[in-house]
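S.K.: Going down the list, the sequences are from chains A and B. When the letters of the first sequence are read in order and numbered with UniProt numbering, they come out as residues 1 to 241. When the letters of the second sequence are read in order and numbered with UniProt numbering, they come out as residues 1 to 241.
Hints listed in this document are in silico derivations from the structure and should not be mistaken for laboratory results. Be careful, since some hints might not be right.
If several chains are the same, the list does not tell them apart, and a pair holds so long as it fits within one copy or across any two.
Straight-line distance between alpha carbons at most 30 Å, and here's what the computed DSS-like set of lysine-lysine pairs gives [to be verified]:
id, residue 1, residue 2
1, LYS212, LYS25
2, LYS49, LYS212
3, LYS33, LYS225
4, LYS50, LYS241
5, LYS212, LYS225
6, LYS224, LYS33
7, LYS217, LYS176
8, LYS217, LYS232
9, LYS176, LYS211
The chain contents come next:
2 protein chains.
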Amino acid sequence: MKEFNLEQYLPHLSIDCVIFGYEGKELKILISKSKFGDNLWALPGGYIKKTESIDNAASRILFERTDLKNIYLEQFRVFGSETRIIQSSFNETMRAGYRQYDSNRFTDEVISWLTDRFVCIGYYALVDIQKVTTQTGEFDELLEWRNIHDLPVMMHDHNDIVLEALTALRLNLDSKLIGFNLLPEVFTMREIQELYEAVYERSFAINNFQKKILDLKVLERLEKKFTGAQNKAPYLYRFAK
Amino acid sequence: MKEFNLEQYLPHLSIDCVIFGYEGKELKILISKSKFGDNLWALPGGYIKKTESIDNAASRILFERTDLKNIYLEQFRVFGSETRIIQSSFNETMRAGYRQYDSNRFTDEVISWLTDRFVCIGYYALVDIQKVTTQTGEFDELLEWRNIHDLPVMMHDHNDIVLEALTALRLNLDSKLIGFNLLPEVFTMREIQELYEAVYERSFAINNFQKKILDLKVLERLEKKFTGAQNKAPYLYRFAK
């Protein structure tokens, strides 16, 4: 394999993505098991090409793992401690993993570059899990959807990055609704309430919730859902165009 | 003057600060007239030392210009277009300015570094203008407080950075109130309303506003303000400890 081309990337700057998906009433994120260490987990991430914007780099990194384009993606925080990566307990494992993997691709210079200080731009994305076709990137052994309450200890500060992403997702969730890719095309009031309950990890009173959501004036009411019992069937909604 | 020490900084990564102050019912920001070009204005900014966190770099850059420590400071957005700086119409002016200024300090290598692509982390700060002692940094000819509606065209994307900072400041202003350094120690309800009106650029109905602010339960009511007419004097408030 040919050498990892350092020259094409900005040094010291990385992107990590918290990819939220919603399935079976659970809020999940996509995590990566690294090729470069045993039981080493991480957020899907990557570097920024000198020729691409940071937003395009994040979209590319996301596309490489999910095969999806045009996903709702938002920068939420920069992680820039002076000890990031260089004082991480995972750093030595990673160096050893790179060395063992392919010495043509990961030369000493490349390994130094990869394990030097990095300032990480955190992005979160919202996807419909059904539409995702996961595919491993260069650094992934495998990718896996995990409930946000069932995450392994991940490398460096990646668990903290998830918590910050969740805080950012919760902040003004209402105003992000339309950008969401978390719900199917049409959904019931109950389904949108379940989504809110999964994101905020609490229950909402049904009447108050319905009023609050309808007051946002972003939903369009369609026909009733076919259930066989027309009088009790719930209405279907979609986001107004 | 000795050479600008490139080795101490992370390349391609800068910080720009939107320093909001509030005075005479006006929301203002501190801007810098650059040494390196005629009528060239910019946000106060700088670079990140390899030995400091990004938050500490921002605090240092702010301290260097205002002589203030422990200021409310928040990252709000990263500006990372692939053409930032390198395709800026101000880039040639700046190169010429550096060249002319001091060729010992700004060698060709330093000038290339300074005018290469930069990803900029935007921070905003909230300060009490009365407490600020402005002092010029290495890149500033002078610093000036300007009403946010009376800003010159600034270099690169700095005017856009101000707009984004204002959007971030407005988002959840209520929850940022306590962190504020914008108001004096004690203030009247009218003063806090005037601050809100300056930030949001609109008026608020006095009764609704008072109820909304008191409902936040962050204020402590003190004695009445001494005005000579005790019966009409407004109450003073401060943030509850």
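S.K.: Now tell me if each hint is right for this structure.
M.R.: Cross-check of the supplied hints:
In the homo-oligomer, the alpha carbons of LYS212 and LYS25 lie at most 30 Å apart inside one protomer (20 Å), although the nearest pairing across protomers, at 35 Å, exceeds that limit. When the C-alpha separation of LYS49 and LYS212 is checked against a cutoff of 30 Å, the pair qualifies neither within a copy, at 43 Å, nor between copies, at 47 Å. In this homomeric assembly, LYS33 and LYS225 never come within 30 Å of each other (Cα to Cα): the closest approach is 40 Å inside a single copy and 63 Å across copies. In this assembly of identical chains, LYS50 and LYS241 lie within 30 Å of each other by CA distance neither inside one copy nor across copies; the values are 37 Å within and 48 Å between.
Taking identical chains as interchangeable, the C-alpha atoms of LYS212 and LYS225 lie at most 30 Å apart only when both belong to the same chain, with a minimum of 22 Å there against 40 Å between chains. In this assembly of identical chains, the alpha carbons of LYS224 and LYS33 never lie at most 30 Å apart, being 43 Å within a copy and 63 Å across copies at closest. In this assembly of identical chains, the alpha carbons of LYS217 and LYS176 lie at most 30 Å apart whether taken from the same copy (13 Å) or from different copies (27 Å). For the identical chains of this complex, LYS217 and LYS232 are intra-copy neighbours only, at 24 Å inside a copy versus 43 Å across copies, given an alpha-carbon limit of 30 Å.
Both within a single protomer and between protomers do LYS176 and LYS211 lie at most 30 Å apart by alpha-carbon distance, with minima of 18 Å and 28 Å respectively.
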